[in-house]
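Student: Those protein sequence lines, which keep their order, are chains A and B.
One rule links them: number in our numbering = place in the first sequence (from 1) + 171.
One rule links them: number in our numbering = place in the second sequence (from 1) + 171.
Treat the hints with caution; some may be incorrect.
Copies of the same chain are indistinguishable here, so a pair counts whether it falls within one copy or spans any two.
Taking lysine to aspartate or glutamate pairs in the EDC-like style, the calculated list, with each CA pair at most 20 Å apart, reads [stated by the list, open to error]:
1. 405 to 355
2. 487 to 577
3. 587 to 400
4. 368 to 604
5. 352 to 383
6. 200 to 479
7. 362 to 283
8. 323 to 539
9. 580 to 355
10. 410 to 364
11. 417 to 199
12. 424 to 529
13. 174 to 262
14. 405 to 199
15. 559 to 425
Don't read these hints as lab results, they were simulated from the structure.
Number of protein chains: 2
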Amino acid sequence: MNKVQPKTLSGFMELLPNEQVLFNQMVDKIRSSYEKFGFLPIDTPVIESSEVLLAKAGGETEKQVYNFTKGDSNLTLRFDLTVPLAKYVAEYYNQITFPFRRYQIGKVYRGERAQRGRYREFYQCDIDIIGDGTLNIINDAEIPAVMYETFKSLGLENFSIHINNRKILNGLFESVNVKEKSVDIMRTIDKIEKIGKETLIAIFKDDYKIQDESINTIINFIEINGTTDEKLEKLENLKIDNELYKKGVEELKEVVKYIRLFNIPDEAFEIDLSIARGLDYYTGTVYETFLNDYKSIGSICSGGRYNDLAEYYTDKELPGVGMSIGLTRLFFILNDIGLITADKKSISDVLVISMVEDLNKAIEVANELRNAGIKTEIYFDNKKIKAKFKYADRLNIPYVIVIGEDEIKSGLLTIKNMQEGTQEKLEIEKIIDKFKII
Amino acid sequence: MNKVQPKTLSGFMELLPNEQVLFNQMVDKIRSSYEKFGFLPIDTPVIESSEVLLAKAGGETEKQVYNFTKGDSNLTLRFDLTVPLAKYVAEYYNQITFPFRRYQIGKVYRGERAQRGRYREFYQCDIDIIGDGTLNIINDAEIPAVMYETFKSLGLENFSIHINNRKILNGLFESVNVKEKSVDIMRTIDKIEKIGKETLIAIFKDDYKIQDESINTIINFIEINGTTDEKLEKLENLKIDNELYKKGVEELKEVVKYIRLFNIPDEAFEIDLSIARGLDYYTGTVYETFLNDYKSIGSICSGGRYNDLAEYYTDKELPGVGMSIGLTRLFFILNDIGLITADKKSISDVLVISMVEDLNKAIEVANELRNAGIKTEIYFDNKKIKAKFKYADRLNIPYVIVIGEDEIKSGLLTIKNMQEGTQEKLEIEKIIDKFKII
């Protein structure tokens, strides 16, 4: 028979079982952290009607999506979990209890150029809180609190959640009358480290025709530094006479206050006035998260506050705030730099090996272990003892129970600690107790 | 702005959060049962190259699949989890440890005509054990043992795993020289309850030209009944002189022996000589699972033994055995007939409500509860007390902690049991202890 080459598409992560175990542990920890704060799960289809999914999209998004027809239907694979959330909230508005705190962990699809660490199919892990008409600013502090808890549960230590408020930037540009050029100016400011302050001032003057006094204000703003409290003070001291700016600073102060109440230490977050995030979508608080030792990776968890989640589907005003982890890329990065911390490297707690042909005793022992909640596997194949131990070794199974003539007669089972190479003879009840302690 | 109607495609299950909580609990229990037997997780892409995914397909499958092009690539959405497993095992053959015990829980796609209880996107929950060259018959008993454990964990009581062996049917038809007509004959036999025995005999005689003696043998075979052991005895007593038949009966006896060793009670399984399952794929043991009180639903979990998993991709002989639960349909059915048993109907264990504007105490209490592993939500909105309780009620949150002036002063928090309507005043430590017991 002619064989087809078994090949996975490039840009699609597929893990070997040992790695999949680690990946799933990360998913479990993220889910568990989200649920600890009472977020509710939803699960939307991977396929939606193109009309629904692309109601808002355009430009780059539209070019990247996977879309196709089936019968008369124009279909698209979801490219994020935010648009499906908007559809969901608009569709089931009358059945949803607000504020709607939802999480979703699922695969999304973008036909990007495949490259190292970039995926066409990847998991997003989103949390959002959606209000009906209004949404309290405390939610803007709880979202990073959830993410702090999440990253701690993943064993990450040296990370920082950067926080800003879009109203501050918008207000600043409004106050110096360059609101309509704000996107370009932000991009230029982003280059300050490369081009230097003098060049930046020259560009402001020559290209954007900004007045000297306004340039001063912008430069003073850019140069704000210090501790979180010092930054907040300096933001107020700039005396920018703009309502939006003032509102932004006030919101940022509130968010910082509550973040501290949620017990996030000052080392784990900072005010970062340079982050803006997709200028047309977010309207208040914005977040990016960095691994301090690996800043070049970019943000590993981002999000923010938006005024209106579902304006393309409904007249209801649905403000929200949320953050998202791109898990597939994060797993790739953490694996690459050796930062994956595993609680367990195997599924099975123990492998039962029989030295005698009759497997009755092995099955009986496995039944008892499983009834006690211990994940137990029996090696059934009639191989040499060495092959059986090699199996446990390759699967990282931490304990092996050996059942031979002696064990059957005495009722004392040999249990071997695979890591330490030690073994002892114990009654089944003692073995069960042992696993309860581990 | 013109609004797009927010609409989910028909044939795609999308649940409200309260139902999603129940669905996820089912997934958790299935996964936990699979892992208890040491099955390893894998996660293959939803999209694969059409050449790979359709290497074996044809006919109905090919008509139903979602396929499309992206750039130069011909792509297909997976329509089951078996073909991706075959690809996976062939692709990573050198890195896999055999016997390979894997589970996969994921969505698959079939563009079937949408109808009640039939889905175009649905979860499959598969377990398979793949051998390298050979695979011990005990595995054929362990697979239904895992499923027995799984269904028990889902709270199902009155179900039966039906077991047969394809070699028995094939051997029987071989012995009476009607092997090439076996598919048609099986279909005719299936109608026996409708058409009656006499008509069946007439069809055997007139349409299939089967000799009287052979018709007798087939009829004797069809009429085999009794307990599991009686059936096994009758199968042997038929004295059919065919090697395949004898091998099949011997395998079935072995499987029954081990199923009992795995502690599956006789009420939970039965030999069912009428099940055949897709005549060209399975080569030995076959399974179907029925809810005894709802047989018309059909099988809720099926599978079997196959000689060669990945013959389209590799020359390696990879025998396997597995079963699959179609979870989306099962959830729909169980929900419909009221058989979903929930451990918990909410995510949050407790909702913290503040009667005072300052939320500091509420946040502090929530922090402590979460640190103790209790899933805790704070109600932030400045609504009337009634609205706050209604929120807990609609989300099925079992406990509410109320924090007012009194509570802040005394340190005794009011905790209300929402189901029973009772409340008491307790210190936070006592509340934490209380949740540890619940």
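Student: Would you pick out the hints that fail for this structure and give their numbers low to high?
Tutor: Of the numbered hints given earlier, those the structure breaks are 1, 2, 3, 4, 6, 7, 9, 10, 11, 14, 15, listed in rising order.
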